[in-house]
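Build out the structure end to end from the sequences listed, making use of the hints.
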Amino acid sequence: MPVIMYREAIRDALAEEMRRDPRVFVMGEDVAIYGGAYSATQGLVQEFGETRVRDTAISEMAITGAAVGAAMAGMRPVAEIMYVDFMTLAMDQFVNQAAKNRYMFGGKTTVPMVLRTEGGAGRCIAAHHSQSLEAWFVHAPGIFVVMPATPYDAKGLLKTCIRDDNPILFIEHKMLYNNKGEVPSEEYLIPLGKAAVRREGDDVTIASYSRMALRAEEAGKKLAEEGISAEVIDLRCLKPLDIDCILDSVKKTGRLVLASEAYKDGNFVCDVAMKVMESAFDYLDAPIERVCAANCPVPMSPVLEDEAIPRTDKIVAAARRTLGKA
Amino acid sequence: MQKVREVKRKKPEAAPANGDLTAEFKIGLLRRMMEIRAFEDKVFELLGRNILQGASHVYAGQEAVAVGACSAITDRDYVTSTHRGHGHCLALGADLKLMMAELCGKATGYCKGRGGSMHIADVSKRNLGATGIVGGNIPVGTGAGLACKLQNKDSVVLCFFGDGASNEGTFHESLNMAGKWVLPVVYICENNLYGMSVAFSRACAIGDVCARAAGYAMPGLKVDGQKVLEVRAAVLEAAERARQGKGPTLIEAMTYRYRGHSRSDPRVYRTKEEEAYWHDRDPIVLFKADLVNEGVLTEEAFAALQGEVDKAIAAAEKFAVEESPYPNPSEVMDDVYVGWVEGPKGLVRIEEKKG
Numbered sequence: 004m005p006v007i008m009y010r011e012a013i014r015d016a017l018a019e020e021m022r023r024d025p026r027v028f029v030m031g032e033d034v035a036i037y038g039g040a041y042s043a044t045q046g047l048v049q050e051f052g053e054t055r056v057r058d059t060a061i062s063e064m065a066i067t068g069a070a071v072g073a074a075m076a077g078m079r080p081v082a083e084i085m086y087v088d089f090m091t092l093a094m095d096q097f098v099n100q101a102a103k104n105r106y107m108f109g110g111k112t113t114v115p116m117v118l119r120t121e122g123g124a125g126r127c128i129a130a131h132h133s134q135s136l137e138a139w140f141v142h143a144p145g146i147f148v149v150m151p152a153t154p155y156d157a158k159g160l161l162k163t164c165i166r167d168d169n170p171i172l173f174i175e176h177k178m179l180y181n182n183k184g185e186v187p188s189e190e191y192l193i194p195l196g197k198a199a200v201r202r203e204g205d206d207v208t209i210a211s212y213s214r215m216a217l218r219a220e221e222a223g224k225k226l227a228e229e230g231i232s233a234e235v236i237d238l239r240c241l242k243p244l245d246i247d248c249i250l251d252s253v254k255k256t257g258r259l260v261l262a263s264e265a266y267k268d269g270n271f272v273c274d275v276a277m278k279v280m281e282s283a284f285d286y287l288d289a290p291i292e293r294v295c296a297a298n299c300p301v302p303m304s305p306v307l308e309d310e311a312i313p314r315t316d317k318i319v320a321a322a323r324r325t326l327g328k329a
Numbered sequence: 002m003q004k005v006r007e008v009k010r011k012k013p014e015a016a017p018a019n020g021d022l023t024a025e026f027k028i029g030l031l032r033r034m035m036e037i038r039a040f041e042d043k044v045f046e047l048l049g050r051n052i053l054q055g056a057s058h059v060y061a062g063q064e065a066v067a068v069g070a071c072s073a074i075t076d077r078d079y080v081t082s083t084h085r086g087h088g089h090c091l092a093l094g095a096d097l098k099l100m101m102a103e104l105c106g107k108a109t110g111y112c113k114g115r116g117g118s119m120h121i122a123d124v125s126k127r128n129l130g131a132t133g134i135v136g137g138n139i140p141v142g143t144g145a146g147l148a149c150k151l152q153n154k155d156s157v158v159l160c161f162f163g164d165g166a167s168n169e170g171t172f173h174e175s176l177n178m179a180g181k182w183v184l185p186v187v188y189i190c191e192n193n194l195y196g197m198s199v200a201f202s203r204a205c206a207i208g209d210v211c212a213r214a215a216g217y218a219m220p221g222l223k224v225d226g227q228k229v230l231e232v233r234a235a236v237l238e239a240a241e242r243a244r245q246g247k248g249p250t251l252i253e254a255m256t257y258r259y260r261g262h263s264r265s266d267p268r269v270y271r272t273k274e275e276e277a278y279w280h281d282r283d284p285i286v287l288f289k290a291d292l293v294n295e296g297v298l299t300e301e302a303f304a305a306l307q308g309e310v311d312k313a314i315a316a317a318e319k320f321a322v323e324e325s326p327y328p329n330p331s332e333v334m335d336d337v338y339v340g341w342v343e344g345p346k347g348l349v350r351i352e353e354k355k356g
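Keeping their order, the protein sequence lines are chains A and B.
Under our numbering, the letters of the first sequence match residues 4 to 329, in that order.
Under our numbering, the letters of the second sequence match residues 2 to 356, in that order.
FYI, nobody ran anything at the bench for these hints, they're computed from the structure.
Backbone N, C-alpha and C fix where the C-beta goes; we use that ideal spot for every residue, glycine too.
Every clue listed holds true.
Listed next, with one range per pair, are the computed distances between beta-carbon atoms:
1) Ile351(B) / Glu203(A): 27 to 33 Å
2) Asn329(B) / Pro5(A): 50 to 56 Å
3) Glu203(A) / Glu332(B): 38 to 44 Å
4) Asn153(B) / Pro187(A): 31 to 37 Å
Result set (EDC-like, lysine to aspartate or glutamate): computed pairs, CA atoms no more than 20 Å apart in a straight line:
5) Lys346(B) / Asp274(A)
6) Lys111(A) / Glu343(B)
7) Lys181(B) / Glu53(A)
8) Lys181(B) / Asp58(A)
9) Lys247(B) / Glu53(A)
10) Lys197(A) / Glu352(B)
11) Lys181(B) / Asp33(A)
12) Lys346(B) / Asp251(A)
13) Lys111(A) / Asp76(B)
14) Lys197(A) / Glu343(B)
15) Lys346(B) / Asp285(A)
16) Lys154(B) / Glu53(A)
17) Lys111(A) / Asp96(B)
18) Lys154(B) / Asp24(A)
19) Lys346(B) / Asp247(A)
Residues from chain B shown here face chain A by an in silico Cβ test under 10 Å; the list is partial:
20) Asn128
21) Gly130
22) Thr132
23) Gly133
24) Asn177
25) Asp335
26) Glu343
27) Val349
28) Arg350
Dropping the structure here:
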C-alpha cells in the first residue's frame, strides 16, 4: 500500500473530490499559489485553476460567510482558515449562520460546507497559533467537528465531509502534516461518527483524538511493557461522537483516561466523561482521569510549551493511577 | 460525475423597465407596500397584546425599499435579508398567513415556528434568510454571488443590510471580496438613520454609506428610499450591470422606520418634528399620489384596495392566532442536522434510529 504524508492525504482528498464534483471548490488565505500555509493544497491550482482554487484576502469572516452563502446556493465549498486560533474572527459566520441556518429556516435549506483549519501546539509559535479550540465548536448545535490523526483517516474523512450535507469543521494538526502512513490508492470513505480502536486491551481504556491519539498509542505501548493492557481509542470525530465505542471499552476495562491537547477547563473530554458516567457508571472501577493542556495561554519557550501540553508520560501516569499504581 | 446544476430554459425574461410598467404592475407594487404596512401594524398590535411573543423589528416606513428592489429581480435571483426582515420576505411574495404564523411561533409558519421574526425566510423564493446578527448576512450574500458566478449563471443577489451594519467588519471584508472578484451582488444599505438608538451621524466617521463604495472598486449611489420606482430603477440598473459580469454595486436607500427599534423603544433619541417630516414623505402616500395623478388609480379604487389588504391581514391573523397549532414539542430536535438526530446518548443516524 502506498505510504504518503498527512498533508498529501488532505490534498489528494481535495483533488479527488474536485475531479468528481464540479460544485466543490477551495478558497482561503494562501491556498493557491503558495499551496497552503502547511502545504495541504499544493498543486491544486495547477490542476483546477484559479476559479476553483481561490486565494482570498485576509478576511476570515468573509471567507467563512461566503462559504455559507455559496453552499446555500448550490456549491460545495471547502474553505480554509489558516489557524484554528483565527476562528475567533470567523466565529459568528460559522456558529451563528452556518450552524443554525438549516434549523432556523425550518429544515428547508442545507449548508454543505467544510471549513478546514489546523490547531495544536509543538512549533513554539505561542498563544495565537497553538491552541486547540474544538470544544467551542462541539458546543454549538448544527455543526460537526472532525479531527483526524493519521493520513488514512485524514483522506477518508475529508472526502466524506465534502460529500456530507452538514457544515463541518475539519481540524488538522500542525505537527502531523509530515507524518507518513499507508493510504490505499483506490477510493475509500470513512463514515462520520466511527471511532477507531488502535490497540485492544483489558485493563484501562485511553480515548483521545488528533495528535494526542498518537501519544495515547505510545502510552499504550509503554504500559504494555509494564504489564498493563490498555485499550486505545482514536475518536476521530468529536461530533458525531462514537460514544458506544467508548462505552463498550469501559464496560470491559472499568477504567478510563481521556487525553486532549485543549485547555483543561471546559474541555470536550469533560463532556465525554459525563456521557460515560450517565451510561456506564456502574462499570467504572476508578475515577475517570483526564490529561489536558494547562489552563494557561500556550507559551512560546519550548520548555514551557512542553510542560503545558500533555506528554506521553502524563498519559501513562494517569493510566497507572486508575489502576492504583503510582 | 455530477453536473453543476444548470438551468435549462430559454433566456429568462428580465424584470420590465420602469417606463414599460403596466398599470396593473404599478398597482401591484402599491398593494405590496400596503400589505407590508398593514402586516407590520398588526404585528405591533399583537405584540402589545402579548399575543405575539419575542422581539419583532418592524419594517413600517421602509416599504418602498424592499418592494422597489425585489420587483427589479426575477425568480433566478437570490436575496439575503436583515434582522428587520419581514418586508423583504413579503416583498418577495411570501404568503401573509404563513408569515404571521411564523411570527406567532406556529407549526404552520414558514420555518415551522423555529425562526420567528428575526429568522424569517421562504427559502423556496430564494430568500436565504433574515439574521439576528447585524451585518451577519453580508458575507452570506457575497457567497451566494460567488456561487452564481462559479455556476456561470446570470443570476444576481440582492444583499440587504442597514446603516448600522455598514460599520461592521463583515461589510468591509465582503465588499472587498465582491469588488475584487467582480461578483454579481447588489448591496442595498437601508439607511433608516439609526442603529437602534444611535444616529448614523453619531456612529459613522463619514456621512454617506455609498461613499465607501470607492474603496471597493464598485459604483456607489444614493437613492430616495421613500420612492418605490426610484429604488426599483437603481436596482434594475445595478442588477443588469451584475448580470453582464461587471460586478457589484452599493446602493444607499435613505429611509425611516416609523416604530422604535423594537417594542420597548420609547424613541427618546429622535424628535417629533423629525418623525413628522418622514411621515409626510410616506412611501405609500407618495406612490398613491403618483398613481392618482397618472390616472391609474382613483380614490375609490384605493379604498377598495385598502379593504382587500385589511381583509387579507385579518385572515392572516385568524389563521396564525386561532387556526394554527403550535409545533409538537417532540419536534424540537428536528432539522438540527441532515441525516442525524439526537438520541439518548448523543447523535445517531436517522436510518439507524428508524431501523
